[in-house]
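Going by mature numbering (1 follows the signal peptide of the UniProt record, and there is no 0), the letters in the sequence shown line up with residues -23 to -1, 1 to 306, in that order.
Hints may contain errors.
To be verified - Here are the simulated DSS-like pairs of lysine-lysine, each with C-alpha atoms no more than 30 angstroms apart in a straight line:
no.	residue 1	residue 2
1	K198	K216
2	K198	K140
3	K247	K111
4	K24	K111
5	K143	K132
6	K102	K259
7	K32	K259
8	K102	K247
9	K217	K198
10	K198	K247
11	K102	K32
12	K96	K198
13	K302	K24
14	K143	K217
15	K96	K259
16	K24	K140
17	K229	K102
18	K143	K229
19	K198	K102
20	K39	K229
21	K39	K111
22	K216	K132
23	K229	K111
24	K111	K132
25	K32	K198
26	K302	K111
What the hints assert, rightly or not - Quick list of the computed label-pair ranges, beta carbon to beta carbon:
no.	residue 1	residue 2	range
27	G110	R43	35 to 45 angstroms
28	E251	P49	27 to 37 angstroms
29	S223	R131	28 to 38 angstroms
30	E251	K140	27 to 37 angstroms
31	K24	D254	19 to 29 angstroms
32	S172	K302	35 to 45 angstroms
33	R107	P224	34 to 44 angstroms
34	G36	G280	16 to 26 angstroms
35	G177	S135	36 to 46 angstroms
36	R41	S135	22 to 32 angstroms
37	E134	G177	36 to 46 angstroms
38	V294	K32	28 to 38 angstroms
In short, the hints are calculated from the structure, not lab data. On a predicted model such as this, the values are computed, not experimentally measured, just so you know. Each residue gets a CB set at the ideal place from its N, CA and C atoms; glycine is no exception.
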Amino acid sequence: MKKQLIGAVVATAMFAAPLAATAATAATWMAYTFGPSENLANVQGMKRVMEDIEKNTGGEVKFRLRLAGSLPIQATDITQAVGNGTVRFADDGFYLGNVRIAGILRLPMLLRSQEDFDKAYAIMKPYVERDFGKQGVVVLGHFSFPHQVIFSARKLESLADIKGQKLRVSSPEQAAFVQRAGGIPVTLGGAEVPSALSAGTIDGALTASAGGGKIWGDMLKYNLRLPVNYFDGFYLVNKKAFEALSPEMQAKMRESVARQAPGTTAQIAKEEGEVTDALRQKGMVIVPSTPAMEQAATDLVSGYWEDWAREQGPEAVQALAEVRKALGR
């Protein structure tokens, strides 16, 4: 079904221009974001990146941005859509089905701070960029959200309250945490969450305040600030389209993304506290995490880290060992 949907989009005149044409003339590239709302920091960051590229390339590369849900591309299919040319540029936070080894960056309760995340990403970057390359895409940049925490429309004041709750997750690694805590994980893209909350298909979601909390907060009542894991995204470009550009234009695109990507991470980090405070003022029950709660959560899932790596294969086992050594954990 996924291939049929993507194929249908490719067949439209919207995507009919050959990739090679980008080298000779100014082109408008279809771009896609996993963000379903222009209010989200990653969408605003995407716009800054595209504007910088357009300016830096003298208009040789221009974009038309489509929000999540506006094209028949599931969030988990963005890597594939960029690789096959359905879209030529995207930000992708739901890439784990295509780049499995990157799941190390999403393992629950492994990375406790931004410093931990940065250390882990430095180790994982070569693995991740190589595996994206196998999908026909080039990684131009990277950004990250703060810790994913737990929001719910039902009472959620402790780890025990997760039991029986249907919680939206964004990765198999988050799902493993929810299952071990007695909850029911439901994998959904961001565009699907509001209707699922309204219908009672889910009770809540794992997300950041600066992410889902910002756009779904009015539908939720509790926020348990347990730092389950990080969420990150990549700026991806179709490899054929990128290589059809002159080396100068390729360098300019890389420059633009390198200049703007840190601003996306910074904006998201700034908004995290602001949005959390705003939700508290609106009446949401904000429950702080505690060392005891975090230790209990870690005890639930620490055995899963090695199990996960073994399922992925020897390279993942080696990469996880490198990360754990760097973290001293």
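What are the numbers of the hints the structure violates, in ascending order?
1, 3, 6, 7, 9, 12, 13, 14, 15, 16, 18, 19, 22, 24, 25, 27, 29, 33, 34, 35, 36, 37 and 38
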